[in-house]
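Enquirer: Given chain A, put chains B, C, D, E, F and G with the ligands in place with the hints provided.
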Amino acid sequence: METALAVLVGAMTATGVYLMLAPNLLRYLFGLILLSNAANLAIFAAGRLTRAVPPLVPEGLDVPPVPVANALPQAMILTAIVIGFGLLAFTLALVVSCYRQLGTLNSDTMRLAEPPAAGGEH
Amino acid sequence: MLEVIVEGRSPLLALAANIASWLLLLALGLCFYRLARGPSLADRVVALDVLNILAVAYCALLAIASGRAVYLDAAIALALVAFLVTVAFAHFVERSVLREQPETDRGKNDVDH
Amino acid sequence: MWITEWLIAALILGGSFFGFTAALGLVRMPDIYMRMSTSGKAATLCCGLLLAGVAILFQDAKVTARAVAAILFLLLTVPVGAHMIARAAFRTRSPMWEDTVLEDDPRPAAPAEDG
Amino acid sequence: MGWLLALPFLLPIASGLLAFAARRNTGLARGISLLGCGLLLLVTAWIFASVSRQGPLVAQMGNWPAPFGITLVVDRLSAIMLLVTGLVGLAVGVFALADIDRRRERLGFQGFFQLLLAGVCGSFVTGDLFNLYVWFEVMLIASFALLVLGGERQQVDGGIKYVALNLVSTLLMLTAIGLVYGLTGTLNLADLHLAIAAQGESVAVNALAVLLIGAFGIKAALFPLFFWLPASYHVPPVAVTAVFAGLLTKVGVYALIRTFTLVFPADLEFAHNLLLVAALLTMLTGVLGAAAQYEFRRILAFHIISQIGFLVLGLALFTPLALAGAVFYMIHNIVAKTNLLLISGTVRRMAGSFELAQIGGVYRASPLMATLFFIAAFSLAGFPPLSGFWAKLLLVTASLEEASYWVAAVLLVTGALTLFSMSKIWAEAFWKEHPGGGALALAALGRPEQWQRVVPSLLLVLVTVAMGIYPEPLITFARDTADELLNPAGYIDAVLSQSPD
Amino acid sequence: MKLFLLNILLAISWSALTGNASLLNFLAGFAIGYAALALSPLETGGRDYFRRLPKALGLLIYFLRELLVSGWRTAREVLSPVRRSQPRVIRVPVELRERNQVLLLSQLISLTPGTLVLDVSPTANALYVHTMFVGDPEQFRRELREGLEKRVREVLD
Amino acid sequence: MVGRKHTVAMAPGRRSEIALTLVVLAVPLCLSLWLLSMVGTVREHGSLEFALPWVPSLGVSLDFLVDGLSLLFALLISGIGVFVTLYAGSYLAGHALLRRFYLSLLLFMLGMLGLVLAGNLITLFVFWEVTTIASYLLIGFDHSSETARRAALQALLVTALGGLCLLAGLVLLGMVVGSYDLSTVLGQGEIVRSHGLYGPILILVLLGTFAKSAQVPLHFWLPNAMAAPTPVSAYLHSATMVKAGIYLIARLHPVLGYTDLWMWTLTLVGAGTAVIAAVLALRQTDLKLALAYTTVVALGTLTMFLGSEASVAIAAAMTFILVHSFYKAALFMVVGIIDHQAGTRELGSLGGLAARLPVTFIAALAAGLSMAGFPPFLGFIGKELKYEGALAIASEPLLVAGAAVFANALMVAVAATVVLKPFWGRLPAGLRSTREATPGLLAGPLLLAGLGLTFGLAPGLVAESLVQPAVTAVLGRPETVKLKLWHGINLPFFLSVVTLLLGTTIFLGQRRLRSVFDRLARLLPVSADHSWDRALALFRHLATVQTRFLQHGILRHYLAVVFASVAIVLLWVLAEGGVLSMGLSWPELTVKEWAALVLVLTGALFATTSRAPLAAICSLGALGVGIALIYLFFGAPDVAITQLLVETLFLVLVAMTLHRLPVLSGAHIAGFRPWDALLALLVGSAVSLTMLAVLEQPFTSPTRSFFEQAAVAQAYGRNIVNVILVDFRALDTFGEVLVVLVAAVGAASLLGQRLRGGKAAGGKRQP
Amino acid sequence: MNSIILQGATRLLVALILLFSVYMLLRGHNQPGGGFIAGLIAAAAFILYALAWGMAAARASLRVAPARLAAAGALLAAAAGSLAALAGLPPFTGLWLFIGGSETAKGIPISNVLLFDTGIYLAVVGSVLTLFFVLEED
Ligand code: NA
Ligand code: NA
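So the protein sequences, as listed, match chains A, B, C, D, E, F and G.
Going by the numbering used here, the residue at position 27 of the first sequence is 27; the numbering climbs one at a time, nothing skipped.
Going by the numbering used here, the residue at position 89 of the second sequence is 89; the numbering climbs one at a time, nothing skipped.
Going by the numbering used here, the residue at position 54 of the third sequence is 54; the numbering climbs one at a time, nothing skipped.
Going by the numbering used here, the residue at position 306 of the fourth sequence is 306; the numbering climbs one at a time, nothing skipped.
Going by the numbering used here, the residue at position 55 of the fifth sequence is 55; the numbering climbs one at a time, nothing skipped.
Going by the numbering used here, the residue at position 271 of the sixth sequence is 271; the numbering climbs one at a time, nothing skipped.
Going by the numbering used here, the residue at position 31 of the seventh sequence is 31; the numbering climbs one at a time, nothing skipped.
These are computed hints drawn from the structure, not numbers from a lab.
Watch out, some of these pointers could steer you wrong.
Facing chain A, from chain F, some residues (calculated, C-beta under 10 Å) [what the hints assert, rightly or not]: (1) Ala607; (2) Leu695; (3) Phe699.
For each residue, glycine too, the CB sits at the ideal point set by N, CA and C.
Isolated chain A (complex conformation) (with noise of 0.2 Å):
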């Protein structure tokens, strides 16, 4: 099982890197999203899969009767997925301030903190 994840999370790295590669900013916004997704998927697959046990106590017992899926990954997913929230929401207003400033989405021509001459004549 967790082989397939393996090779789902680099289809998704895979495909995140590439819309994070494109000049566009909302691209990259998108990969972020998906390379976000990938880790959580990762860390995932790295505490192995347990089918459709979640880890739950029932009530009356002190220990679930069952094995239970890892909960540590699953709460370090969800700490992930909140803080990835945070920073992409945080990104998104930078696009957002950087196309109302800067007129465009294209990083190529983003050009204003290191202008082609600065590293020498260009």
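Expert: Quick look at chains B, C, D, E, F and G with the ligands alone, frame taken from chain A:
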């Protein structure tokens, strides 16, 4: 009944769940087709909306197939908030056209191809 | 016992059938309005049937309450979403199938440069 | 104990949140922030004193025994990093009073600044890999906010690159941590050491080492992952650059040191070679980059990179002396680099620009600023008897003892080229006459601003000079630190043997 | 009064959700419901709630039947290779006094497969409905007026 | 600022200046007296040591070793320091930055004393670099002049580069010996010379000393350093600092000397330096530059002699250090006076000043005669000793003697030029009003020149007390040195006569010779100064090119490099570890799991291939649902719900901002990028393979069972995930919430600031 | 957006969603849910409110600035974690009090853990709404 399911002693239900699973997955695939084809943003949003509702259905199916009610919680959460995306995009569709983006071709304002 | 089993099976199959037709409508219908007409509601129906199946299967007040809650929430939200997107499509003149009879058009006249 | 170790991040979090709440009342927010900085310095000094007296301090958050809960561990390395963070925090906090305009304060500068410190301190105290990730993110998001605070066009442009490249690091780190867990089943650093040692060297361990080098390498601005730094460090207000320059990349280096001394086995040779090559190239490209710049802050920014090379070199050589050198260099560099940026801000205030071609005359206008810069700059260039010399000496000796002559050569050449850049700034901004009339005298800035600008620089210069003239305590401390890092048994014992209260 | 009833309703749903019928839990549900209501955009003013409950049940049953019937019709339409439908956009005047009634009506119309409310006239006295299986618009309007609309009025008047 | 105030109110300013000068003067004066008091002890016991602990953990202590060699240098430094301070007080009277000047001068003086007295290699190096810094500040003293700044930078870089070599050499030396302690090191000559690192150590140390002592081809900075005020030139760049290299060569003679490598390197470099600099000296028309080049000649000569192990040669060198310091400092001061009083130091515009500056002339004459090596000046003794030493050098006496004669002849010519040209002949009209300098200016050169005469007449004053202990220290064995004014007629005397004749000839035929030398100099491809500029320009160009190449400002190329480097290293490691050939088992997935995977994959592919952002956004929404399904399948409802909620809310946020972004225009449409696709595939496969490598290993986790056992029993919660979040690892959750909070406030301050001035959107509307 | 259908539906939905969010918060310790999920759901309620009735109305109903709410939530979480200090325990140690406990049942649990989760809840609501408002309004 529940034990029967959990212990896998109901071939009828297993079969039904399996068929249903196939049907719903096929449905999800079809949604994807519309999602990809568009042509307008509204079409895609509708596809996404249906996809979300089908996901709710799938959660219900999972609850039946596994005998675990926790899947219901996912269904409720999805049912409650998924339409927000639809509303927000509808908002955008109206706004983007009504605000008159000059480069926009009005009739097919959000035709992507 | 077997009645419940058959009932649940029927609900599952019926529900997923409607789910499938919903998606098929999404693909097959020629314009967005017809797609919406055939898809969203059918999908809701699908959910309703499956959730009913859940309620019957578990026969537990808590679960039933949640299943009913889910159905109610869907009944509340799905038409709103559908309406909003339909309205947006309508107002922004998303193209209609050519055979559609437009009895009365409340929308302001389309701009000249249309097309 | 738990409280003492949690205070370095709880304090700035509390003051940061309060400062957010009070951000419209800038006076109150300033008060909260300054109080936070002051208390932080006190707490870190206290921790430092305790650790140097009694060895690693350990606290189990939530009272769960290691490795199940999150453990806070402060060993010597953490302690000195905390102390210097407290110092830099206070210095920049005071400087920011003069440097950050009202508008930015109302936008929440004090809160972001405090949370940045919280992230930095959290990274230093945690003994848990995933918790380290969380603190990195706290630090990262606060740095995002600070970098673009004020939203000027240039800031947004630089901010995009900073954010875009740092997010890659975040994702790499997250993936790596997840997989480390997948390999070992634990997140506690001490426990990880045992788990990985039990596994022996495997391709998975190597691959994870590469991923972590990639992740922390981006944070640390290692070659060839450093692009975000020169692209962005010159865009925010200088107080922000100063705290970034002092602390952010160093947290990346800290993480590298921590993982490659504690988590991964000491004989992970390929990783050390990788780090060595990267370090050498980092030193050279950074210093060459600086030579090509004619803007005060960009020169300093490129030098940050080059100096990261020194630090990582210390880790890569992996001898007691080299690690001690890295530790000493880190402390020296944080103090000197932060100070240079503070001074660059004051120079800009006096002379009107960061562009060397457009400024000058500060030597005449303010002997004090000139002296402060001179000392900090020549310390950075490794001139004796300033702190940078001892740092350089330690590393040169370490590389020569290892018979790594090329390494020593690169070290020395980098030092010389640093000197080139520093003297360029000195000649242009200080010695040269101001092309447009003259620089403002310090006295013209007004009493409070003058104090807010000078006192932090003076404080940091005093530290630099003290470290230069009497380096023995710090060198001894650094050598003890190196021993502790190379023999993590004490650390591990302290973590795993401690039962909850 | 209406708010109070609504609050009670919320408290009951709370008890149902949590599956705990104790008084304490009901009170908790009431308090939470109260807070939720305070935060939500409800109109004030009240009507008798219990009088309309049977009507509402009737409406529900009527609607469910409609739902199934039209669901089946759309399913056939979707599955059949030839298109039998005749899409129309029909203006449906409504004589409902309250916006809530318009809302309920249009929700029900929208929920029914094959019909879809495209827009509401600015004064809320007419709906623009997209239909797929309507041969005669007049008949559709009449059916709606005497079917759904009447029941909605009975429930919400 | 201080200075400016003083120029306004002259009289009190002058008084306080004098007071300042006196205070500063007290430092070298006291030091000189203190050092003098040690002369006797040193002659008796060989050496004195003072030790203070400094950095014991590195074997560095604040040791001071006073032996013959260091005492000789220390006395020179402090003694000449007295005269220079005195001179500077008048020379820079009324200068705005006098206080800073004295500060730098004192820093230099202390550095120099520390250097020669240091008893620890690292301590020595510390002081070495202090003199570099002080020299930098002093050369750039006239800081508003571009020339001065350039010269300062040049001196700094050349000497610092040398310093770095020296540091490496000293550290290696310390490593070989096992101690930085000078006395220890000096006693380990045998071990060092037989060690494999001897060659590198020697080369590194010599590079440092050559740079500092301006040996060809590293000499070019020294003439440029004449941009400094004359007292500085007299002090640093002639009498003291440039001799730091000489000192160090002499100092390490017992350890590094006595080998062919040592001898040949020093002899050749020294001789070459002496000859080339002599030629260059004669070409100069600027008096100060001419003197500067003769300094290089002197330094070359000294280096040459230090290559020898003959005691006469060393004695010659030690004596010559004294001689040179006296006359060269005096002559610099004289030139300074001419410059100061007449306003120029160009030979062409000077002449006949003897009448106007009679006292100066006397000083010049005395110093010049010593320089030219006329009896009864100390210079004569020095020269005789040099020839004697040259002839005593075992291997190549003729080479050394020839170089010495040639260099000395040119010195004679230069001395004659400096002494005669400005003072004799016709007084140019512009110089009629020239007045004799103040006593403060005159005292220095007169006294120094007088010392040259005194010691010439009574060489015994220095022979046994200074020179002999110095030679002893250099050779590391007891030596006896006798200095006599008259040795009788012998080969050295004959060479002296030849030198004088040759020198006079050169002086007389100077104009013709100058053109010959010019042509000669043109034969050399470029001057070293020019090469320096070229090297610097090349370096700047290289720096610019590499920076432009790496830091070009294109975000996606940055990203590509980052991704590529991580992926390539990762793939390499994986390939090395054999992961590429690892067997893969077909994953056992159920239909629905496959379907979810396909859904996610399709979503990812659509998001990537769809040209329009809007389509990509919707695809991402669908992908989120697919991922949530995966989480559900494998027992993670909390994660699934969170995933769905976050996905939903993020899409809502995107939808709310989209209308402000150019999502509907076609500007963003881009074609297929094959290279990016390749890179993406590399990264993706690297990640996949890493995961496979990890997942292949068996998984055990003690934490897992602990959480399952303790959730209900100790943390009273049945949802283990939630218990981890709020209890076991609450700190993570707390941090995560902070991230979201800061992200929100940060976004608010980023976007809310422009429209509403100072107010941020987050909290702007109070109810 | 001025749709009477959306506005009408929102009247009930907002209350329902908020209720559901509290439900998710309270049951989180034992069933799927918890402060973060609940916070997101509550934020969704207000976003819905804002979409239907406008930003101003949504802000007015929230009564406090969302950023303040977020800060207050984070402080509450910190305070909950710090309560352990009263018992002399390390930060974030859970303290439990069972009201009306008996031999068989533990009674109603009161704990700082729930308080912590509530802080998370408020912080998430505040943060998400801050983000939403600023992205929508600017
Ligand atoms: Na630590
Ligand atoms: Na830095």
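Enquirer: Taking the hints in turn, state whether each one holds.
Expert: Each hint, compared with the structure:
1. Ala607: holds (6 Å)
2. Leu695: holds (4 Å)
3. Phe699: Where the cut-off is 10 Å and the nearest Cβ of chain A is about 5 Å from phenylalanine 699 of chain F, the hint holds.
Hint compliance for this structure: every hint is met.
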